[in-house]
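Q: Okay, here's what each chain looks like letter by letter:
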Amino acid sequence: MTLPRFSPDSDPGPDFLGLLQRLERSPSWDGIPVDANQITHGTTVVAIQTLDGVVMSGDRRATSGHLISHRTIEKVFPADQHSGVAIAGAAGPAMEMVRLFQLQIEHYEKVEGRPLSLDGKANQLSQMLRSNLPAALQGLGVVPIFAGFDEKLQKGRLFEFDITGGRYEEKDFAASGSGSLHASTVIKLRHNGKLSTDEGIDLSIEALFHAADEDSATGGPDPIRGIYPVVAVINSNGFTRIEDSELATRTNTLVDKVTGEQS
Amino acid sequence: MNMPMYVSPEQLMKDRADYARKGITRGRAAIVSVFSDGVLLCAENPSNTLRKIGEIYDRIGFIGVGKYNEFDQLRVAGVRHADLKGYSFSREDVDARWLANQYAQTLGQYFTHEMKPLEVEIAIAEIGEEPGSDQIFHLLYDGTVMDTETFVVIGGETETVKTRLEESWKSNQPLTVVLNQAVKALAGPDRTLKADDLEVAVLGRGNGRRAFRRIENETLDEHLSEN
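Sequences listed follow chains P and H, in order. Residues 1 to 263 in our numbering are what the first sequence lists, from first letter to last. Residues 1001 to 1227 in our numbering are what the second sequence lists, from first letter to last.
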C-alpha cells in the first residue's frame, strides 16, 4: 500500500466509494443466489419525528430462517454527529453498508473541509442501495432508514428507502423490517405531530414492543438478560444513545401500563 | 551524433534542492507544538478558504506550507490512505509514523525521479493517550523525515521563528499560553497577528474519537486576548 495518487482526470475527489472502485476494492456480493434461511437478517427499526429532532430505535434480534441467531445485535448507528442510520434486511451487507456510509460521510468532510448536507447524505445512501440491487435480487436486500437533524432547517428529517435506491422523505415517522407494519400502526395512532423527545422515546419502545408481540423475527424487551431496544435521540446536540438503565425504567412503565389495561 | 550534456549528480540534486527551497521559503512560517492536553497546529494564513491545516484521521492532523496545490494533494492522499487502511484493518491500526513513512517515500520519489521536486514542507502530528506521548513528524521536500516531541517550525524564516519560540517555550503548558507564544514567534517583534491572519487547529485529548478541532473567530479572539 503506497500513497494513492491519481492524475487529474481520474481523481475520485471526495468520494470514498469512488476511491475503492478505482483501486478495485469495492465490496461485492454478486454471483450466486443466497438461501435466505442461511443468512442472518435484522428486523424491525423505526424513526419518529419529535419537536426538537428525531428518535431512532431498533429491536435487538437477528434471525436466520426460523432460528434466532443473535439476541443483542445493534441496528441503529450514528452516521455522523447529527444523523443516524438504522438497518433491516441481510445483516452482513447491511453492516458493511453502514460502515461504508459512515466512512463516506467522514471522508467527504475531511477532503472537502466541510460536511455534506443532510440531503447529500440521504442521496449517498440511496446510491449505495442502488449499487446493491443485484445482491438484493439474490436475496441480500438491505432496507435502511436514515434520519438526522438538518442544521440548516433546524429540524429533524427522516427518509425511508427501498432496495432499488428509491428515497422517500417522511414527515412523522418511518419504519423498516419485518415488524414494521405493526410498529407503524402503533406510531400512526399515537403520533400527533408534536411529540416531545420523551414521548418519542416511549412511543418507539411501545411500537417495538407490539411489533415483537406480533412478529416472530422481532425481539421484545428481555428483562431476564437485561436486553432492551437500542434507542437514540438526534437533535441539535447531536446523536445520543439512551442508556440501558433508562430504557429498563421506561420499559417497566410501559409493561405496568399494558398490565393495567388488561386487568 | 549529439551527446546529452553531462551534469554531475551532486549538481543535479543541489539544483533541485535549491529550487524546492526557494519555493518554500517564499511563504509564511507555520508551527506545530504540543501543549498540556494535545497538539496545536498554527499557521499564518490570511485566506479563510485555502487551508494549510487539515484533519487526516481520528488522532492525526496535517499542516503544509509551500505550493498550495502540491501540499493539498498530499493532504488528500493522506486522508485517502488513512481511511483505506482504517477500512481494511481497524481504526486503531492507523498511526502517524506509518503515514510519515508513506509521505517520505512519495516526496523522495518526486525529488529524484520527477521533472521537478514538490515545493512543500509538511508536518503531521498525532496525539497519544497520555500527555507526553504525542508525536510530530516533520517532512522536507526531498523526503527527509524528522520526529520531535516538542515543537517544529516549517516554511519560510524557520530559523528566526524557531529561535523566537525557543526563548519562551516550555513543555506541559496550557493551550492559550502555547498559542500566544506561537503567534508571537510567527509575528516577530515588529508585527502583531490578528485572528484574521491566522489558521489555528488543535488535536485535543478530550475531544472524543475525532480529536481535530478548528479554533476560529470568537474562540480564537478569546485565546489571543487572554495574554
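Calculated directly from the structure, the hints in this document are not laboratory data. Computed from a predicted structure; not experimentally measured. There's no promise every hint is true.
Stated by the list, open to error - Each computed SDA-like pair below joins lysine to any residue, with the alpha-carbon atoms no more than 25 Å apart:
hint: 1; chain 1: H; residue 1: Lys-1194; chain 2: H; residue 2: Asn-1217
hint: 2; chain 1: H; residue 1: Lys-1085; chain 2: P; residue 2: Leu-153
hint: 3; chain 1: H; residue 1: Lys-1085; chain 2: P; residue 2: Asp-11
Q: If a hint holds in the structure, say so; if it doesn't, say that too.
A: Status of the hints after comparison with the structure:
With a C-alpha separation of about 10 Å, the suggested pairing of Lys-1194 of chain H with Asn-1217 of chain H holds against the 25 Å cut-off. With a C-alpha separation of about 36 Å, the suggested pair Lys-1085 of chain H and Leu-153 of chain P falls outside the 25 Å cut-off, and the hint is violated. Note on Lys-1085 of chain H and Asp-11 of chain P: the hinted pairing holds, with a Cα-Cα distance of about 19 Å set against a maximum of 25 Å.
Hint 2 alone, counting from the list given before, is not met by this structure.
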